[in-house]
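S.K.: Sequence:
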Amino acid sequence: MPSSWPTSVDRTLPLRERKKLRTRRALAEAALTLFSEKGFDAVTLDELVDAVEVSKRTFFRNYASKEQVALAAQNELLDAYVIVVAREELHGPVFPALRDALTLAIRRMDDDWEDRFLRTRRLIYHTPALIDYSVVESMRVQRRLVQELEAKLGIDRHEDVRLRLVGEFAISAWRCGTKNWLADQRGTGRRDRGGRAALIASVEEAFDAIPGTVAMSAPAP
Numbered sequence: 103m104p105s106s107w108p109t110s111v112d113r114t115l116p117l118r119e120r121k122k123l124r125t126r127r128a129l130a131e132a133a134l135t136l137f138s139e140k141g142f143d144a145v146t147l148d149e150l151v152d153a154v155e156v157s158k159r160t161f162f163r164n165y166a167s168k169e170q171v172a173l174a175a176q177n178e179l180l181d182a183y184v185i186v187v188a189r190e191e192l193h194g195p196v197f198p199a200l201r202d203a204l205t206l207a208i209r210r211m212d213d214d215w216e217d218r219f220l221r222t223r224r225l226i227y228h229t230p231a232l233i234d235y236s237v238v239e240s241m242r243v244q245r246r247l248v249q250e251l252e253a254k255l256g257i258d259r260h261e262d263v264r265l266r267l268v269g270e271f272a273i274s275a276w277r278c279g280t281k282n283w284l285a286d287q288r289g290t291g292r293r294d295r296g297g298r299a300a301l302i303a304s305v306e307e308a309f310d311a312i313p314g315t316v317a318m319s320a321p322a323p
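Residue numbers for the sequence shown follow this note's numbering, so the first one is 103 and each next one is one higher.
Don't take every hint at face value.
With a straight-line Cα cutoff of 27 Å, these simulated DSSO-like cross-link-like pairs (lysine-lysine) come out [what the hints assert, rightly or not]:
1) LYS158 x LYS168
2) LYS121 x LYS158
3) LYS168 x LYS281
4) LYS168 x LYS121
5) LYS140 x LYS158
6) LYS168 x LYS122
7) LYS158 x LYS122
8) LYS140 x LYS281
9) LYS140 x LYS168
Simulated from the structure, these hints should not be mistaken for lab results.
Using the sequences plus the hints, can you model the full thing?
M.R.: Shown next as C-alpha cells:
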C-alpha cells in the first residue's frame, strides 16, 4: 500500500496522483464485486482489468496479485494502523497506545470503508486461499508494528522478546475484536451490536482483556 492514507482521493494532490488513487480504488471495488458474485477462483485477471478498462501492467503497478486486491479494504486499515503508530508520540504503557492508534485509524477510514470491509470479510470466509493470505498479511503488518516500536522505544527486537510479543498481542486483539464484531453482524453474537462504533468497542474490549488473559490461572486443586 502507498502511504497516501486516508484512502479517499484528496483533491489537493496533483492530478496524476489523484488518477492513480482512483484507478487503485476502481480495481479494488471491481474485484470485490466480481469475486463476491462469481467466486474468487472463477474470476480471471483478464476479466478484472477489462471491467475497469485498464491493462495488466496497470494492475500490477497497484497490486501484486488477485489476493492482494481482494483484501484491499482490510489492508487499507492495517496499513493506516501502522501509519498512526509511526506518527503518534508514544508515552506510558504500550498496549493502550496501540489500542488507541487502531481505533483512531478505524475512525478515520472512508465513509464506505465499513461496507467494503464487511464484504471483504464475507469473501475471505468463503475462500480458503484468502484465509491463508489474510494470515500472511497480518504477519507482515505485525512485523512493521514491531519495527516502529523498536525505533520509538529503543529496544532491539532480536534481544528483547517482549517487543515481538507486543506485536503478537496487538494483532491478536485486532483479530479477536473483529471476529466478535462480525459474529454480531450475522446476529449470532452475545448482544446486538452493529456499525463502526461497535467495531471500535469490540477491538477495545479485546485489547483491554490482554492483561487479564496473561494473568489467567486455573483453579487451585
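S.K.: Next, verify each hint and record whether it holds.
M.R.: Comparing the hints with the structure gives:
no. : hint            : in the structure
1   : LYS158 x LYS168 : 11 Å, holds
2   : LYS121 x LYS158 : 17 Å, holds
3   : LYS168 x LYS281 : 24 Å, holds
4   : LYS168 x LYS121 : 21 Å, holds
5   : LYS140 x LYS158 : 20 Å, holds
6   : LYS168 x LYS122 : 18 Å, holds
7   : LYS158 x LYS122 : 14 Å, holds
8   : LYS140 x LYS281 : 25 Å, holds
9   : LYS140 x LYS168 : 14 Å, holds
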